[in-house]
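2 protein chains.
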Amino acid sequence: MKDVFLKKNERIDDLQLKGLKIIQNTKGFCFGIDAVLLANFCEIKLDSTVVDLGTGTGIIPLIIYGKNEINKIYGIEIQQEVADMAERSVELNGLEENIKILNMDLRNIEEVIKVNSIDVVVSNPPYMDKGTGIINPNDKKAISRHEIRGGLEDIIEKAKRLLKHNGRFYMIHRPNRLVDILYYLRKHKLEPKTLRFIHSKMSEAPNLVLIKSIKAAKPELKIEAPLYVYNEDGEYTNEIHEIYGLDD
Amino acid sequence: MKDVFLKKNERIDDLQLKGLKIIQNTKGFCFGIDAVLLANFCEIKLDSTVVDLGTGTGIIPLIIYGKNEINKIYGIEIQQEVADMAERSVELNGLEENIKILNMDLRNIEEVIKVNSIDVVVSNPPYMDKGTGIINPNDKKAISRHEIRGGLEDIIEKAKRLLKHNGRFYMIHRPNRLVDILYYLRKHKLEPKTLRFIHSKMSEAPNLVLIKSIKAAKPELKIEAPLYVYNEDGEYTNEIHEIYGLDD
Chain A
3 MKDVFLKKNE
13 RIDDLQLKGL
23 KIIQNTKGFC
33 FGIDAVLLAN
43 FCEIKLDSTV
53 VDLGTGTGII
63 PLIIYGKNEI
73 NKIYGIEIQQ
83 EVADMAERSV
93 ELNGLEENIK
103 ILNMDLRNIE
113 EVIKVNSIDV
123 VVSNPPYMDK
133 GTGIINPNDK
143 KAISRHEIRG
153 GLEDIIEKAK
163 RLLKHNGRFY
173 MIHRPNRLVD
183 ILYYLRKHKL
193 EPKTLRFIHS
203 KMSEAPNLVL
213 IKSIKAAKPE
223 LKIEAPLYVY
233 NEDGEYTNEI
243 HEIYGLDD
Chain B
3 MKDVFLKKNE
13 RIDDLQLKGL
23 KIIQNTKGFC
33 FGIDAVLLAN
43 FCEIKLDSTV
53 VDLGTGTGII
63 PLIIYGKNEI
73 NKIYGIEIQQ
83 EVADMAERSV
93 ELNGLEENIK
103 ILNMDLRNIE
113 EVIKVNSIDV
123 VVSNPPYMDK
133 GTGIINPNDK
143 KAISRHEIRG
153 GLEDIIEKAK
163 RLLKHNGRFY
173 MIHRPNRLVD
183 ILYYLRKHKL
193 EPKTLRFIHS
203 KMSEAPNLVL
213 IKSIKAAKPE
223 LKIEAPLYVY
233 NEDGEYTNEI
243 HEIYGLDD
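These protein sequences, in sequence, are chains A and B.
With positions in the first sequence counted from 1, the corresponding number in our numbering is that position plus 2.
With positions in the second sequence counted from 1, the corresponding number in our numbering is that position plus 2.
Among these hints, one or two may not hold up.
You can't tell identical chains apart in this list, so a pair holds if it fits in one copy or across any two.
Simulated pairs of lysine-lysine, DSS-like, Cα-Cα distance not exceeding 27 angstroms [as the list claims (entries may be wrong)]:
#: 1; residue 1: K102; residue 2: K9
#: 2; residue 1: K191; residue 2: K220
#: 3; residue 1: K189; residue 2: K224
#: 4; residue 1: K9; residue 2: K47
Hints listed in this document are in silico derivations from the structure and should not be mistaken for laboratory results.
All chains should be built: construct the whole structure from the sequences, respecting the hints.
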């Protein structure tokens, strides 16, 4: 573990995963269950090269690194301050060889990463559409939550461009955007193959959806059994315990 | 109740709904829970005009008639023998003024029903894609189950043509076709607004999905809480009891 510089309002959190740690800004956007579920949803083959579009604090590359034998993960983040924090998390863990944070607009990604070269692309994009909600464009939280720079279709189109034939794209989003997501995925030849809905409780509507797509695959969707976060007694379900490693 | 002619292998079943009865062929395709759930999912305003694309035995028009104050329902059915049976069910119930069975290919529907004239279109289409499974084109069950005549996109395109501005289209299908369905709906300007997944049990993947679309509506999908058919003890849930009127 190296020494790294912590800025105002930043703290180091332990990921409870092979000693990995992450820097987060307590006044900024801290990672949530969605990033954890998405990183666990990804199937990563040995020595894969992975790209995370909109990596934020770098949480997804860190969890994927902690759970798989990867070749390299690129984390793309447009916000300079957030990318800098992710970069310092990578240094803190001594993972400069494995995780590369790129502070850039994902719409320019082809200038840096070759098309048709990536095994897995992953994205936990902003949930708010450009036209919705009140946005302060100088607000870091707003940029993380809204499609101000790089909307849903940009992300999907770039994922398609980066992936190899039959490469896989994993995303998590809100169910209210599902039509947009599935429509753009098919339009860009990233065929949606698996959906999994996440419900806070069994009796409630889903509040998140995990989506796996495969580049140039044949149409045939599988919807998996739901993932329930809490049981009837308001406690985490066994599956959430397993994902978080709470039983270790 | 009128006397009607019953053919070989036909029987009369009581729908347990305002005395309505239906003729079904015990060797043919009998209605299932999907038709009942779909008919219950439809919101029908007073004096609506409704079209059921691929009506089969006429089960959906009969249930919708039994539960709502409608103006008229058209049931479109391409198979001559099945349409004849549906027509005799209409006569059996004395509903010739309310339900009109049209024995025709839905692709020609605009020759009979004016475009932009219908309040609600409903369809419980064949679940099998044209290219899948072994099909005997002379087999009535096969025609009811496969998209031999009038595929998914034909149904969606015709629903769009028939509906008034802001008219509603209700469909039930298998989750494995969800991408096709949502893609074609948006393509044809029938914006998907509500999804409801139906699970046999809470711990299992959904086996059916109800879809409500509105012609020319703005994008914004709502996914409702799941509908579970059986509880943990293998008995019908309260919601299924209510839909089937089992508590009356």
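Verification of the supplied hints:
Taking identical chains as interchangeable, the C-alpha atoms of K102 and K9 lie at most 27 angstroms apart only when both belong to the same chain, with a minimum of 21 angstroms there against 73 angstroms between chains. With identical chains, the CA atoms of K191 and K220 are at most 27 angstroms apart both within one copy (10 angstroms) and between copies (24 angstroms). Taking the shortest alpha-carbon separations for K189 and K224, both the intra-copy value of 19 angstroms and the inter-copy value of 22 angstroms come in at or below 27 angstroms. Taking CA atoms no more than 27 angstroms apart as the test, K9 paired with K47 passes in neither setting, with 36 angstroms inside one copy and 60 angstroms between copies.
Going through the hint list in order, the structure does not satisfy hint 4, though it satisfies all others.
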